[in-house]
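> Protein chains in written order, with numbering that gives the first Met the number 0: chain A, 0 to 272; chain B, 0 to 283.
Hints in this document: simulated from the structure, not taken from any laboratory.
Check the hints yourself; a few may be wrong.
Claimed, not checked - Only some residues are given here: those of chain A computed to face chain B with a beta carbon under 10 angstroms:
id	residue
1	32
2	81
3	98
4	144
5	161
Stated by the list, open to error - Distance windows between CB atoms, simulated:
id	chain 1	residue 1	chain 2	residue 2	range
6	A	43	B	149	31 to 41 angstroms
7	A	37	B	115	26 to 36 angstroms
8	B	32	A	21	57 to 67 angstroms
9	A	258	B	80	46 to 56 angstroms
10	A	257	B	32	41 to 51 angstroms
11	A	77	B	166	16 to 26 angstroms
12	A	128	B	263	13 to 23 angstroms
13	A	73	B	263	28 to 38 angstroms
14	A	246	B	35	48 to 58 angstroms
15	B	109	A	21	55 to 65 angstroms
To be verified - Straight-line distance between alpha carbons at most 20 angstroms, and here's what the computed EDC-like set of lysine to aspartate or glutamate pairs gives:
id	chain 1	residue 1	chain 2	residue 2
16	B	248	A	52
17	B	169	A	52
18	B	169	A	262
All C-beta atoms in this analysis are idealised placements derived from N, C-alpha and C, irrespective of residue type, glycine included.
The chain contents come next:
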Amino acid sequence: MVELTFKRFTLNQRIQHILFFTSFILLAYTGFPLKFPEAWWSRWMIESVGGVDNRTIIHHFSGLVMIGVSVYHVVYHILEKPRYDILFNLKDFDDFSQQIRYFLRYSDEHPKFGRYTWKQKFEYFGAGFGAVIMGFTGLLMWQPFEAMKYFPLGLVQIANLFHTWEAVLASIAVFIGHFYDEHFGKFPNFSWLTGNVPEDEMRHEHALEYEEAMKNRPAGNPEHGEHKKNHILIVGFARLVFTIFFLAICIWMLWISYKVLLEAINTYIISLL
Amino acid sequence: MSYIFFLILTFNNSIVSGQSDNVDISCYHCHPAQVNEFQKSVHFNKNTCKDCHGGDLNISGSIVSINVMHTNFTGKPSPIQVTDFCSKCHANSTSAYKESIHWQKLKEGRPAASCTDCHGTHNILSSKDHNSSTFSANVPGTCAKCHENQSRMQALYYGIRTDRFDTYKKSYHYKSYISGGRLLATCSDCHENHDTRPASDPKSAINPANLPSTCGKPGCHVEAKSTFIYGGKIHEEQSVNLLSIDVKKLVTYFYILMILFELTFTLGLIFLGITSNFELRRRH
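So that you can see chain A by itself, here it is in the shape it has in the complex (with noise of 0.2 angstroms):
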């Protein structure tokens, strides 16, 4: 069966994003650990990277990265074709009902999505507001001093007090939104690696794109063409790891979260009481 597949990123945007999400994985790989050291994982992570001089110097590279990959893709943006489509619209809020009354069993009509769902330009803008955050109050952190000749050392507490809240608010949304959409819900997915949408994923998330796509395309294009093949028993297999790994995660995210509201709300809700 031969099955079309769509090319839905660059390859500068997938550079862009492989850039982004390892230095992602590497900073809540080594910044957790040191938010919450008395942990048993904690220990045991810091150990794993070799120490916590070396949990440092990762930590600062992975930010670096981040913030080079995000003054990049503004870059990119300039230079490239302005695109609209990533900007949040009117439908997007016609979408978002409609899916939800679809989801309460209210409509029997799921909405068409377009090029970027309004989940995905959620993530989009919440990644970017993210990185300005975490870049801006990581820097000052990593100089304390140097910050300290321009602000007062008020000023750097509050940046480790937004350190700490925006990177447990942007890992919950990647490690289990965005993680359970993309990679749980469309298990295997490689459009990070390729670019590439299989035409029935299209049709399914991005029925307009998909129609648009449709209509524009010459007619029998055997280029797009791939051959779809059937490995249900390792599929099967790397499903079931990816599902405990997904697991775990979630449950430490959800630890980490009950853990900073926790010591929030002693500190500034129970001593007002």
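Since chain A is already given, all that's left is putting chain B on it; use the hints.
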């Protein structure tokens, strides 16, 4: 009656015969725990019990210890006495200590840390020894013995907060050590070990004017020397106000709501997605 005296004398002689210069059997007889501790300390072979407790070792040896105790004997020296006899050998450290807030309060007749409260009594070890109470990694615990004790801190001096160790635990100085790395600054590195003064004292290492040189000690934040450190205390949680609003509280409230919202939203949508038939339709 004379029979009893005879017994005491015989027993007494047997102890004296077993006595060496340092292990003084007369004390060991009733205080084995203390003498055993003392034998492990740095003072063993340099000092004897007499140096701190007084008494006369030449009259040593009696079951009731009357003889040992008859000259200048102090069972439990007062903190001021402790400082006095430490100063005999450790003149520099003691004179530095006598500048400290601890000594000032002690002189006023209030209980405060003297030499033995930090260094230990019989079991004094070198500060390079990992078991020592003054070993850098053990210093926070040693200070916390008193400074974490709420009843002690509040009963004596108003305004000393007991969360200093807890707030220190959140700093990278301590986290690095807990995670298996080097121990960075401990209490005494910033507050000084002997010469501990309150921040209001202009000579204090933690007086705002002296902070650049305290943080900028060799091997620490050398770049701090040229920095004017202002606006907030390192141990304090709430320190920044913007238009009379506590910014930290504002940020915390904002993110508590954000994270609760995000968790509900993300997990809720996953749940709704699973229960809906949208994923199933893909295969048809």
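> Could you run down the list of hints and mark each one as holding or not?
Going down the list of hints, with the structure as the test:
The beta carbon of residue 32 (chain A) is positioned within 10 angstroms of a beta carbon in chain B (closest approach about 7 angstroms), and the interface hint is therefore held. Taking 10 angstroms as the C-beta contact cut-off toward chain B, the hint placing residue 81 (chain A) at the interface is violated, the least distance being around 30 angstroms. The criterion of a C-beta within 10 angstroms of any C-beta in chain B is met by residue 98 (chain A), whose closest approach is roughly 9 angstroms, and the hint holds. Against a cut-off of 10 angstroms between C-beta atoms, the interface hint on residue 144 (chain A) holds, since the closest Cβ of chain B lies about 5 angstroms away.
Checking residue 161 (chain A) against chain B: minimum C-beta separation of about 6 angstroms stays under 10 angstroms; hint holds. For the pair residue 43 (chain A) and residue 149 (chain B), the supplied restraint of 31 to 41 angstroms holds, since their beta-carbon distance comes to about 35 angstroms. Between residue 37 (chain A) and residue 115 (chain B) the CB atoms are about 31 angstroms apart, so this pair conforms to the stated range of 26 to 36 angstroms. Distance hint check: the CB atoms of residue 32 (chain B) and residue 21 (chain A) are about 59 angstroms apart, consistent with the given range 57 to 67 angstroms.
At roughly 48 angstroms, the beta-carbon separation of residue 258 (chain A) and residue 80 (chain B) lies within the given 46 to 56 angstroms, and the hint holds. For residue 257 (chain A) and residue 32 (chain B), the hinted distance range of 41 to 51 angstroms is satisfied, since their beta carbons lie about 46 angstroms from each other. In this structure the supplied range 16 to 26 angstroms is violated for residue 77 (chain A) paired with residue 166 (chain B), their Cβ-Cβ distance being about 45 angstroms. Restraint check, residue 128 (chain A) to residue 263 (chain B): a C-beta distance of roughly 20 angstroms satisfies the suggested window 13 to 23 angstroms.
Under the hint 28 to 38 angstroms, the C-beta atoms of residue 73 (chain A) and residue 263 (chain B), about 32 angstroms apart, fit the expected range. Under the hint 48 to 58 angstroms, the C-beta atoms of residue 246 (chain A) and residue 35 (chain B), about 55 angstroms apart, fit the expected range. At roughly 59 angstroms, the beta-carbon separation of residue 109 (chain B) and residue 21 (chain A) lies within the given 55 to 65 angstroms, and the hint holds. Between residue 248 (chain B) and residue 52 (chain A), the direct Cα distance comes to roughly 32 angstroms. Violation of the 20 angstroms bound is thereby established for this hinted pair.
Between the alpha carbons of residue 169 (chain B) and residue 52 (chain A) the distance comes to roughly 18 angstroms, so the proposed pair stays at or under 20 angstroms and holds. For the hint pairing residue 169 (chain B) with residue 262 (chain A), the CA-to-CA distance comes to about 12 angstroms; that is within 20 angstroms, so the pair holds.
Going through the hint list in order, the structure does not satisfy hints 2, 11, 16.
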